[in-house]
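Visitor: Note that the protein sequences, when read in sequence, are chains A and B. Quick note: the working numbering has the first sequence finishing at residue 353, numbered continuously throughout. Quick note: the working numbering has the second sequence finishing at residue 235, numbered continuously throughout.
A few of these clues could be false.
As the list claims (entries may be wrong) - Computed list of lysine-lysine pairs in DSSO-like fashion (alpha-carbon distance at most 30 angstroms, straight line):
id : chain 1 : residue 1 : chain 2 : residue 2
1  : A       : K231      : A       : K209
2  : A       : K93       : B       : K118
3  : B       : K41       : A       : K231
4  : A       : K9        : A       : K67
Simulated from the structure, these hints should not be mistaken for lab results.
Residues per chain are reported as follows:
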Amino acid sequence: MISFNLQMKRSEFRLDAAGEFGSGITAVFGPSGAGKSSLLDCLAGSVRPDSGYVQMDETTWYSSLDKVWVTPENRRVGTVYQDGALFPHLDVKSNIEFGWKLIPEHKRQLDPLELADFMGLSNLMSRGPSTLSGGERQRVAIARSLATMPRLLLLDEPLASLDTARRGSILNYLKRVHAEFDIPMIYVSHSISEVVAISSSAMMLEAGKVVGFDHPTALLPYASKSETIDKFENIFDGVIGSSTDYLTKVEVNGVEISTGRQSKCMGERVMVSLGANQIILAAERPENISARNIIKGKVVETWSNLGKVFVHVDAGPKFIVELTENALKDLGILIGCDVFLVFKSSSVAVFDT
Amino acid sequence: MMYDIPIVALSLQVAFVATGLTLPIGLITAWLLVRKNFRGKFLLDVFVSLPLALPPVVVGYVLLWLVGTHGWVGQISHGLFGSTVAFTWFAAVLASSVVSFPLVVRSFTVALAGVDPKLEVAAKGLGAGSLRTFLTVTLPLAQRGVIAGVLLGFVRALSEFGATIIVAGNIPGRTQTVPTAIFTRISSGDTNSAWRLALVSLVLGVIALAVHNWLLNRPRSFDSSGLDRSNGPPS
Chain A
1 MISFNLQMKR SEFRLDAAGE FGSGITAVFG PSGAGKSSLL DCLAGSVRPD
51 SGYVQMDETT WYSSLDKVWV TPENRRVGTV YQDGALFPHL DVKSNIEFGW
101 KLIPEHKRQL DPLELADFMG LSNLMSRGPS TLSGGERQRV AIARSLATMP
151 RLLLLDEPLA SLDTARRGSI LNYLKRVHAE FDIPMIYVSH SISEVVAISS
201 SAMMLEAGKV VGFDHPTALL PYASKSETID KFENIFDGVI GSSTDYLTKV
251 EVNGVEISTG RQSKCMGERV MVSLGANQII LAAERPENIS ARNIIKGKVV
301 ETWSNLGKVF VHVDAGPKFI VELTENALKD LGILIGCDVF LVFKSSSVAV
351 FDT
Chain B
1 MMYDIPIVAL SLQVAFVATG LTLPIGLITA WLLVRKNFRG KFLLDVFVSL
51 PLALPPVVVG YVLLWLVGTH GWVGQISHGL FGSTVAFTWF AAVLASSVVS
101 FPLVVRSFTV ALAGVDPKLE VAAKGLGAGS LRTFLTVTLP LAQRGVIAGV
151 LLGFVRALSE FGATIIVAGN IPGRTQTVPT AIFTRISSGD TNSAWRLALV
201 SLVLGVIALA VHNWLLNRPR SFDSSGLDRS NGPPS
């Protein structure tokens with residue numbers, strides 16, 4: 001567990017944040033300039049705050065009161081940056097082994113080759129970083145950090161420079177890493193979609209202050225205020241099911257979602273994404289409709305902002321649906337109501353994991 | 001011809017030792033200027049470049065005063081070794097070092113500034129201390145500029161005249177270097193042998209500058225093999 005209380009002033013910007021993160025994946029979320037990266041820098045030790053403390057389990061990393069300061073190289077905090085920050089003069093193998101080689105031999109717990117295999121990098125080991133795709137770079141960066149068995153893994157917008165198709169893949173690798181290695185992770189993002197898809201709790205920052213710390217979906221109302229929710233994507237893990245000539249079914253948490261025809265085998269794991277504004281809500285089951293997906297669910301929560309309404313519907317997987325204020329009023333939707341989610345198969349994007 | 005060999009040898013010796021001195025000191029100075037913020041950084045920057053703005057004769061005169069029996073450097077060395085370094089070959093090394101120092105530091109500064117500081121932060125996060133980070137990440141990435149700076153310093157040291165003749169003198173067989181020997185020969189009207197040494201200077205200078213330019217223009221080994229800097233957008 002990591003707990004902190006940090007104050008830092010840099011010209012116009014002021015960070016004043018406190019919190020306690022457990023062993024799961026915690027998201028730090030907020031618009032750009034909110035202080036997310038500054039918070040990470042203070043936790044990693046690359047920036048020294050003005051006052052406060054950082055406590056990792058039994059170890060004090062920083063305390064202005066007791067004048068404690070642990071340098072970054074002695075904290076064992078792994079950081080994965082937006083662009084990977086791979087060493088350009090070293091090949092993939094040497095990148096992964098960089099930190100591992102610095103660990104005394106008897107303390108090394110992981111085999112970098114197995115780690116490379118786990119991250120799907122085995123056939124890239126002799127390549128240079130510039131020949132890698134964005135997704136491959138991020139996987140090397142993750143493997144490089146993991147090889148040092150960090151006590152904490154910081155992910156600073158790891159998906160921001162990737163195209164949509166690669167994002168699902170990295171998200172899934174991160175989930176697998178967390179399941180396999182049990183390292184607490186802090187995931188920084190300005191995208192609430194990613195935060196909802198990956199984290200178990202989320203802290204929202206705005207202008208250097210904590211404005212919310214809760215279950216990620218509970219932060220959706222805050223997020224909608226800061227306009228970062230603009231294009232919310234529902235992101236789910238799924239498994240390819242049966243296919244017809246033009247459609248493929250993907251099973252997500254007990255619900256079958258129809259998508260365009262996929263060239264994947266049955267049983268293959270995928271990620272699906274669906275824009276919150278692509279879903280129609282119906283109070284009754286619609287008949288004779290072209291949309292291929294009609295899914296029954298229950299309204300858990302609604303909140304509104306500037307004429308837009310976000311409805312949280314539990315249908316097995318939890319969907320976020322964006323409506324207009326008028327539509328909500330006309331439908332008479334209340335919390336606890338049964339509703340039907342309607343969307344086209346072509347609105348659903350399917351990604352490799 | 002035979003008289004020329006010891007002169008060229010001494011010149012090379014002086015230039016090599018001067019380069020060996022300016023390399024580590026120059027790296028530390030450049031690193032301070034590029035990566036650190038401290039009080040008096042502006043003054044250090046000015047002080048480093050000062051020899052560039054002064055006539056070498058003035059540099060030599062200041063050095064002579066420092067290493068002479070009345071200067072504090074001279075007093076220390078007198079106390080330690082019983083003599084001062086003035087008018088020895090090591091005085092020529094000092095003169096060459098000081099005069100070439102600004103060029104060396106400038107090259108190093110540009111080279112180090114081209115290394116993404118985020119890579120250094122990443123190395124520290126992986127457990128590398130400051131020195132290891134510098135040696136395994138910063139220096140390899142700044143390598144070309146550093147070697148270019150070393151060569152530039154070497155060339156400057158080889159051609160040093162004004163400061164050298166003041167602080168080391170022009171003693172045949174002891175402190176006479178190629179430039180001071182040429183001066184002597186021109187003064188005494190010995191034009192043939194003066195031209196011969198001038199030719200030697202030319203050849204040495206051309207070789208060093210050619211290597212310098214080749215290093216700066218050559219694609220880096222990790223550019224062609226795809227090992228390149230990942231210039232992602234700043235976060």
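Visitor: Of the numbered hints stated previously, which ones are contradicted by the structure, given in increasing order?
Guide: When the structure is compared with the hints, only number 3 turns out to be violated.
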